[in-house]
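K.L.:
Given only the sequences and the hints, what does the whole structure look like? Please build it.
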Amino acid sequence: MLTEINLVVEDLAVSRSFYTAMGWTLRSITFPGSDEPQAWLTTSGPAPVTLHSRSFASWWDSSQPESAPGSITLDLTFDDPSEAAQFLGAVQRSGGAVVAESRPMPWGQTYAIVTDPDGYRWGVKAPTT
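Residue numbers (this note's numbering): -12 to 116.
Honestly, I wouldn't trust all of these hints.
[Stated by the list, open to error] So the derived label-pair ranges between C-beta atoms look like this: (1) Ile(-8) - Trp46: 17 to 23 Å; (2) Asp22 - Ala72: 33 to 39 Å; (3) Asp67 - Ala0: 38 to 44 Å; (4) Gly57 - Ala8: 17 to 23 Å; (5) Glu88 - Met9: 34 to 40 Å; (6) Thr(-10) - Gly76: 28 to 34 Å.
Calculated from the structure, these hints are not laboratory results. Cβ atoms here follow ideal geometry from the backbone N, Cα and C, with glycine treated the same way.
P.N.:
See the structure below:
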């Protein structure tokens, strides 16, 4: 299931204003130990969107090439870790690549990043086992 569209943006304030005007309601996400928002996550709106600063995107996606403004990562969430593993295998067999191996994340899920043959990034989330 497509659960999130991650947009790396140049200016969080400008992008937050734009998406709010388009009907999204957003809440801020900060780094541990920081009061400055690093991302804005939708709580309602036409699609599940998260706006990320470059530094926040680099934190959760350290693969190369680095995410830059204008880049996008689509997140898929699987209910079963074995389904996520099957998906990762299918990506590799079909010409894609795993650019960040599945690893536990602080929000309670495992997360991997894959690319399709054209380089589009897909995040793969599953419950931590």
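K.L.:
Which hint numbers doesn't this structure obey?
P.N.:
Of the numbered hints given earlier, the structure breaks just one, which is hint 6.
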